[in-house]
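J.: Respectively, the protein sequence lines represent chains A and B.
For the first sequence, the numbering used here assigns the number 1 to the initial residue and increments by one for each residue that follows.
For the second sequence, the numbering used here assigns the number 1 to the initial residue and increments by one for each residue that follows.
Heads up, a few of these hints could be off.
[Stated by the list, open to error] Heads up, simulated EDC-like pairs for lysine to aspartate or glutamate below, C-alpha to C-alpha not over 20 Å straight-line:
#, chain 1, residue 1, chain 2, residue 2
1, A, Lys78, A, Glu135
2, A, Lys367, B, Asp67
3, A, Lys200, B, Asp92
4, B, Lys185, B, Asp67
5, A, Lys367, B, Asp127
6, A, Lys337, A, Asp170
7, B, Lys185, B, Glu34
8, A, Lys86, A, Glu65
9, B, Lys137, A, Glu9
10, A, Lys367, B, Asp76
11, A, Lys43, A, Glu135
12, B, Lys185, B, Asp29
13, B, Lys137, A, Asp198
14, B, Lys227, B, Asp207
15, B, Lys185, B, Asp127
16, A, Lys367, A, Glu217
17, B, Lys227, B, Asp127
Rather than coming from a laboratory, the hints here were simulated on the basis of the structure.
Keep in mind it's a predicted model, so treat the numbers as computed, not measured.
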Amino acid sequence: MIRMFAIVERELRKFFRSPALMLTAMIFPLIQLVILGNAFGGKITEARVGVVDYDGGPQALRVHEAFASVAANIRTFKTLRYSSDKAAQEAVRAGRLDAAVIIPPQFSRRVLAGENPSLGLLVDNSDQFLSGSVEAEMQSLTDALNQPQVQQRVVNNIAMEIVELYPYVDYMKFLLPGSITLAMFVSVMIGGGMLYIDDKARGVHEGFLVTPITRVELVLGLVSSGALKAMLAGMVLTLLGSLIAGLGVIFQPGALIQLALMIFATSFAFNAMMFLMMVRVEDPLVPRAMFGILNTLLYFPSGAVYPIAAFPPWLRLLARVDPFTYAVHGFKSVLLKEAGFQAMLPDLLFLLAIGSIALVLATRLFKRTL
Amino acid sequence: MSEQTGAIRVENIVKRFGDFEAVKGITLDVKPGETFGLLGPNGAGKSTLIRMMTTLIPITSGRAFIDGNDVDADPDAVRRCMGVIPQALTSDINLTVEENLSIYAKLYSVPRAERRKNIDELLEAVDLTKWRDAETKTLSGGMRRRLEIARGLVHNPRIFFLDEPTTGLDPVSRVAVWEMLNTLKARRQLTVLLTTHYMDEADRLCDRIAIVDHGTLVALDTPANLKQSVPGNNVIEAQFQDPPGDWAERLGALAEVTSVQAEGSGMFRVLTGNGSRTTTELVEMAVHAGIAIRTLSVQNTTLDDVFVHYTGRQLRDDLVKPEAYTLPTPGMRP
Numbered sequence: 001m002i003r004m005f006a007i008v009e010r011e012l013r014k015f016f017r018s019p020a021l022m023l024t025a026m027i028f029p030l031i032q033l034v035i036l037g038n039a040f041g042g043k044i045t046e047a048r049v050g051v052v053d054y055d056g057g058p059q060a061l062r063v064h065e066a067f068a069s070v071a072a073n074i075r076t077f078k079t080l081r082y083s084s085d086k087a088a089q090e091a092v093r094a095g096r097l098d099a100a101v102i103i104p105p106q107f108s109r110r111v112l113a114g115e116n117p118s119l120g121l122l123v124d125n126s127d128q129f130l131s132g133s134v135e136a137e138m139q140s141l142t143d144a145l146n147q148p149q150v151q152q153r154v155v156n157n158i159a160m161e162i163v164e165l166y167p168y169v170d171y172m173k174f175l176l177p178g179s180i181t182l183a184m185f186v187s188v189m190i191g192g193g194m195l196y197i198d199d200k201a202r203g204v205h206e207g208f209l210v211t212p213i214t215r216v217e218l219v220l221g222l223v224s225s226g227a228l229k230a231m232l233a234g235m236v237l238t239l240l241g242s243l244i245a246g247l248g249v250i251f252q253p254g255a256l257i258q259l260a261l262m263i264f265a266t267s268f269a270f271n272a273m274m275f276l277m278m279v280r281v282e283d284p285l286v287p288r289a290m291f292g293i294l295n296t297l298l299y300f301p302s303g304a305v306y307p308i309a310a311f312p313p314w315l316r317l318l319a320r321v322d323p324f325t326y327a328v329h330g331f332k333s334v335l336l337k338e339a340g341f342q343a344m345l346p347d348l349l350f351l352l353a354i355g356s357i358a359l360v361l362a363t364r365l366f367k368r369t370l
Numbered sequence: 001m002s003e004q005t006g007a008i009r010v011e012n013i014v015k016r017f018g019d020f021e022a023v024k025g026i027t028l029d030v031k032p033g034e035t036f037g038l039l040g041p042n043g044a045g046k047s048t049l050i051r052m053m054t055t056l057i058p059i060t061s062g063r064a065f066i067d068g069n070d071v072d073a074d075p076d077a078v079r080r081c082m083g084v085i086p087q088a089l090t091s092d093i094n095l096t097v098e099e100n101l102s103i104y105a106k107l108y109s110v111p112r113a114e115r116r117k118n119i120d121e122l123l124e125a126v127d128l129t130k131w132r133d134a135e136t137k138t139l140s141g142g143m144r145r146r147l148e149i150a151r152g153l154v155h156n157p158r159i160f161f162l163d164e165p166t167t168g169l170d171p172v173s174r175v176a177v178w179e180m181l182n183t184l185k186a187r188r189q190l191t192v193l194l195t196t197h198y199m200d201e202a203d204r205l206c207d208r209i210a211i212v213d214h215g216t217l218v219a220l221d222t223p224a225n226l227k228q229s230v231p232g233n234n235v236i237e238a239q240f241q242d243p244p245g246d247w248a249e250r251l252g253a254l255a256e257v258t259s260v261q262a263e264g265s266g267m268f269r270v271l272t273g274n275g276s277r278t279t280t281e282l283v284e285m286a287v288h289a290g291i292a293i294r295t296l297s298v299q300n301t302t303l304d305d306v307f308v309h310y311t312g313r314q315l316r317d318d319l320v321k322p323e324a325y326t327l328p329t330p331g332m333r334p
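Extracted from the complex, chain B is given alone in its bound form (with noise of 0.2 Å):
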């Protein structure tokens, strides 16, 4: 062991599969309490970064320390402080809600007594103790995800590890399965990290955010702060009719603007300090020069476009078309 500020420090870890290094040597420190958001492209290396300080890959070089315990030395230790939920739904279909709970109590060695009051909160807490004795089969998605997150508290951990928490699920099971979250990390003193490809999610959850991109960390800070790194505070997103070659340059010369990235399709994303006055400018010059406008919307900067702005790209390229899709030029990074 040694000695430690938080509830997860990593320092300078690096992970090598043969000649690819999938994390080239990350330092970070979440706190305790703390709600900690790692964002990445696909393949950017946080899953090997969570598998490593979740103890299953073996570490390359560097430390990690979940809850003071050293992950390389003593990995049952820091097994039997930790709840993981992996991304894949893994509860078994056939079991009811509350065999899968104890079959994993189970397995951290939960004493019986412990075990069914565990059980027992830990359903009333995602709202599934109507259906203890239902096999998981019946469930919907959401409530299948509840039961995952149940799942990985039944050993009441201090720190829990959740990939993708809600991939998949329609947008009120999203926002259902955030309130449980919040409200588990609130009553159980849970220091929690999770990676999302969601940029609400993150920024709705989270108290700092890490973006992760060739296993690097590119970006660290509060969800607030890193919206502020970004230059311009609004984004306007407009699609012109048939709009000549130079219009982006054009775009550009608007006043405040600090960037612009064409999207194909006459569709124009414009990065400003200043919204209002952008907007107008921008309108202007569509009707002087006679380009009809199709559509247009002028929004505050998201963490999406604070993604943008650190890794080049979409956070989920793999889901766009490519067709679809222009890859970013070099100059469109202010």
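Isolated chain A (complex conformation) (with noise of 0.2 Å):
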């Protein structure tokens, strides 16, 4: 055991006396939490909609009037007149509208004749995401149009009326359980992948070899480093990045124990899956290449950063193998949910056996020569 610990000891004292590595591997998911955060997942406002009106009855003044109080109440558009719709097609497509509304000529006529009277919408869908909320809010304004001035006395419409279960989560608290998850995995990149290849080309194991050590003392002895690293660096993630999101629930003694627990699970296993890929591995290239492709195959399909239920078949299957989902989904369900332990059991638990069997792994396929 004191073998084991000597080696635990070496990488704190280096850990610890030349932080800035370990800083860098903190500061990139901070970064990202505050970037991603505030860049996605806002709502569109005072997006630029042109109306074009041929009409210009009483029918095509209710449309102005509805814009006028989107425009002063959600500001989701607001509106330009323009006077033929070739301008204003024009105008979307050189980027100064990103959408325009028609209203075709014997608007309000057809409308009281009840002819099937149409609105024509013109949107820029090569941002999908602005044209599909503007979109959306022209839908709900022409369902509102066709509300019948006079209200039926028994409303025989289907309503769905929503709940929500948590209050209100933006895009940052969303992010937050990925960064955390994050910024653990950088650290074992940084501090159990790299460094521990480096150390093999520079001959420090040679060094170790030539002692009594044994294979899984010395194993045992960088998982354990690398994850104590990785599990400082969850924790001051969890902190910090609570504070920048603005959640409470780090205040809460029963959730900073179910955080310590998650935290624990995903270093360890997180580090032993690195330490199978490297056990084989001399070149110190090696790793710094993985580093990217590894990030993005776990990190993004891990439901970090967009929805699971988006995603197409096979990438849905990569998402169910994937411990980053896991962490993520865990982190999720304390810091968002406060959903109790039950809730996170099922992450711990898949996280502790993934780690376990990829340390026997590691520790068969490590050689005990040079």
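Using the hints, put the two standalone chains together into the complex.
T.: Structure below.
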């Protein structure tokens, strides 16, 4: 045991003596959290919509009034008057407008006569998100215009009432579980993968191999020191990230214990997997090259930045075996849902199981000779 | 375990990597308390040999015993009784001198009280006591090498392996390392096996020297005996202005000359049994032929000559620029 702790002692002393490397590991996910958290997930406001009115009748006025109320209230878009549909179309194409509404001639007469009146909507669908928002807003406006002037006594339309389980979750909060997981991943990649292969290349491991340390002691020493570093990164990110994203859950002792368990299981699983991947690698370039690939392969399919429900089947399959998914899910249930220990238990068990399997395999594959 | 006589004993040891045989059946026996030098050009197989002895790579066939322990059968016993200093400086530069030593003492499971005592003694011996709390990155190359030497001895081994202990050091630091090694060896009754590129180092430190080339042992004896085994006791190095094509043969015809080696740019290396007589004749011949002598030196045979004699090449071929170096001809060996 003393020999295993000597390995851990060496790694941690080095870690605390020159923390620059690990600080970078923590800063990267923090920056991502702040930038992505603010860039994505916002609601569209002040999109520019051109209006071409060929009608000018009383029903067209109702449309103008509806637009004015949107501009004054939820501000999804504001309107600009255009004289011809051609000019409006050009403006959309040139990017001066995001969409254009055409009120055709005879619109008012058709409405009153019940002759299938229609409004034209021209959207710039090169930006799906923006055009989708404008379309949705227009649809609801049209629905409102379709309401009869005089309400029926008994409403026989089906209505849906939406119940939100949690207080409003903005995108930054949604992103935080992923950022915490990412901090541990980066820490494992640098503190576990890269430093380990660099040590191998420098001949440091040769120095260990001529001592009586056993294979198990050496592997456990390396894995646990890497996991300790990752845990530290995870803890820092959980605390700072929760403060930045405005989550108060970290002030509850029960949640803190659950978070600590998740941080431990994630660090352990990631480190054991990393060690398994690196156990026979000699070239210091390999972990650097793998960094980007693994980052994309594990982080993005995990549901950390975009919901898994939107994935095609093959990507869902990847998400299902990706330990990142379980880490993100576990952190989400503690941080965003305060769902209790039971909710994160499956994630915890999955991470511990995959970590243990990786550790056993890595120990088997580890060569006690050069 | 088997009965053994030496501190290090290697019997017909072979290492094969695929089809390539790096070590082709070497047998040697290092006596307790001896300092044994392993010389050879790069790629000769000395690193492979030392790695087999120090349990770092598996032995293909043959046997090796370190202090009576079979390397193949009981590697942990071997690891406990030997200290190994690799060629690369591997101490952690962010850790202090003492931390580096202490971590290795723990890797060898040295008990706490003994650890403290050993580290104190070793720091004293390698003259780093006042640097014990300094981070290793602040040390000079020579000091770092001394730290590595101390690190190899934290568990009081009886056998000490050093791979090129002074490579990359300035001459003053090299002498300091040699003195330290000699002191440590005497104080701790160490058996030392070292590899080196430097002939003066081997000459100065080693009781016996083995020359390895192409995976085989080509010579093994004391430095003095090895030097005597080379025909000729002196080496004349002379550089001539525009010597004629048959100059090497004419030099070879001088009295008591045993071999002549042309080294390019008019430089010749002449081995002779009688330095002063050959030199006199050489100068007379040059004057007679009207050829100017640019430089001339006469030395005793060194281990360098021994090395060239046994392996047919300079020890540090790789350090000599190819264009300045002419390949030895088959006829140059006496």
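J.: Now, for every hint given, state plainly whether the structure supports it.
T.: Taking the hints in turn, this is what the structure says about them:
no.	hint	in the structure
1	Lys78/A / Glu135/A	14 Å, holds
2	Lys367/A / Asp67/B	25 Å, violated
3	Lys200/A / Asp92/B	13 Å, holds
4	Lys185/B / Asp67/B	16 Å, holds
5	Lys367/A / Asp127/B	37 Å, violated
6	Lys337/A / Asp170/A	13 Å, holds
7	Lys185/B / Glu34/B	9 Å, holds
8	Lys86/A / Glu65/A	24 Å, violated
9	Lys137/B / Glu9/A	19 Å, holds
10	Lys367/A / Asp76/B	15 Å, holds
11	Lys43/A / Glu135/A	14 Å, holds
12	Lys185/B / Asp29/B	18 Å, holds
13	Lys137/B / Asp198/A	17 Å, holds
14	Lys227/B / Asp207/B	13 Å, holds
15	Lys185/B / Asp127/B	15 Å, holds
16	Lys367/A / Glu217/A	13 Å, holds
17	Lys227/B / Asp127/B	34 Å, violated
Checked against the numbered hints given earlier, this structure breaks hints 2, 5, 8 and 17; the rest are met.
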